[in-house]
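**Q** Here is how the chains run, residue by residue.
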Amino acid sequence: MSAELLGWSIFISQIFLGLAMVLAAVRVLWGPRAQDRVLALDTVYVIAATLLLTFGIRTGGTLYFEAALVIALLGFVGTAALAKFLMRGEVIE
Amino acid sequence: MIEVIEVADIPLWAAILTSLLLLLGSGLTLIGAVGLLRLGSFYERVHAPTLGTTLGIGSVLIASMLFFSVLQTRPVLHELLIAAFMVVTTPITLTLLARAALYRDRREGNEEVPARRG
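Protein sequences appear in the order of chains A and B.
If you count by our numbering, then the first sequence holds residues 1 to 93, one letter each, in order.
If you count by our numbering, then the second sequence holds residues 1001 to 1118, one letter each, in order.
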């Protein structure tokens, strides 16, 4: 009973998160300007971390948690570097 | 190797709570993504994904914490690491990004820039 409930809710939330990722990817492709693309890419990173956490709940392993942590870290670094690039035209001065 | 633990012996109340938190988090993330796609200008769009970065990933983290704590019958708190990281970094990145967008729009003389304060 509880395993069935959990399986269905994880399935539905993975569909929601996949749909959200597709919508953010459409915004990455559509633009219209560079800052919109960077914002949407940051959203894709956050959704990917959330999706990995749901995979972790589904399998019961702790490996997915570490992957989610690494993705969150890389998303922060990437977005900060891209924002600096949009501001100044170069990343490292 | 991924160790697979049987989820069948988790109590019903924990399963219901975990399911509700998962659906809440993923639903809010989806609403944020729809907002990112549908809102008109960049300065409106920059608000939408924060729905996913705060309560969206937050509820999924709480669900994961609850699930593993019940499953392993001991408090599992390492999800707080991601939560703290998200709370610290999201305002920084979005402020940097909005400031860069403002700078670019002002330099090009764009019309839809928010008014200068003071």
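Do not rely on the hints blindly, as some may be mistaken.
Partial list, computed: chain B residues near chain A (C-beta under 7 Å) [stated by the list, open to error]:
#1 I1010
#2 T1053
#3 I1057
#4 S1064
#5 L1066
#6 I1082
#7 T1089
Which residues of chain A face chain B? A partial, calculated answer using Cβ under 7 Å [claimed, not checked]:
#8 A48
#9 L74
#10 V77
#11 M87
Hint data in this document are derived by calculation from the structure and do not stem from the laboratory.
In this text, a Cβ means the ideal position worked out from N, Cα and C, and glycines have one as well.
**Q** All the hints need checking, so say for each whether the structure fits it.
**A** Status of each hint after checking the structure:
For B:I1010, the suggested interface contact is upheld, since its CB lies about 5 Å from the closest CB of chain A, less than 7 Å. With 7 Å as the threshold, the beta carbon of B:T1053 comes within range of chain A, its nearest partner Cβ sitting at about 5 Å, so the hint holds. Taking 7 Å as the C-beta cut-off, the interface hint given for B:I1057 holds, the closest approach to chain A being about 5 Å. The interface hint given for B:S1064 holds, since its Cβ lies 5 Å from the closest Cβ of chain A, which is under the 7 Å cut-off.
With its C-beta approaching chain A no nearer than about 10 Å, B:L1066 sits outside the 7 Å limit, and its interface hint is violated. A hinted interface residue such as B:I1082 counts as satisfied when its beta carbon comes closer than 7 Å to some beta carbon of chain A; here the least separation is about 6 Å, so the hint holds. The interface hint given for B:T1089 is met, as the beta carbon of that residue sits about 4 Å from the closest beta carbon of chain A, less than 7 Å. A distance limit of 7 Å between C-beta atoms decides the matter here; for A:A48 the minimum to chain B is near 11 Å, and the interface restraint is violated.
Nearest Cβ of chain B to the Cβ of A:L74: about 11 Å, over the 7 Å cut. The hint is violated. With 7 Å as the threshold, the beta carbon of A:V77 stays out of range of chain B, its nearest partner Cβ sitting at about 9 Å, so the hint is violated. The beta carbon of A:M87 is positioned within 7 Å of a beta carbon in chain B (closest approach about 4 Å), and the interface hint is therefore held.
Hint compliance for this structure: hints 5, 8, 9, 10 are not met, and every other hint is.
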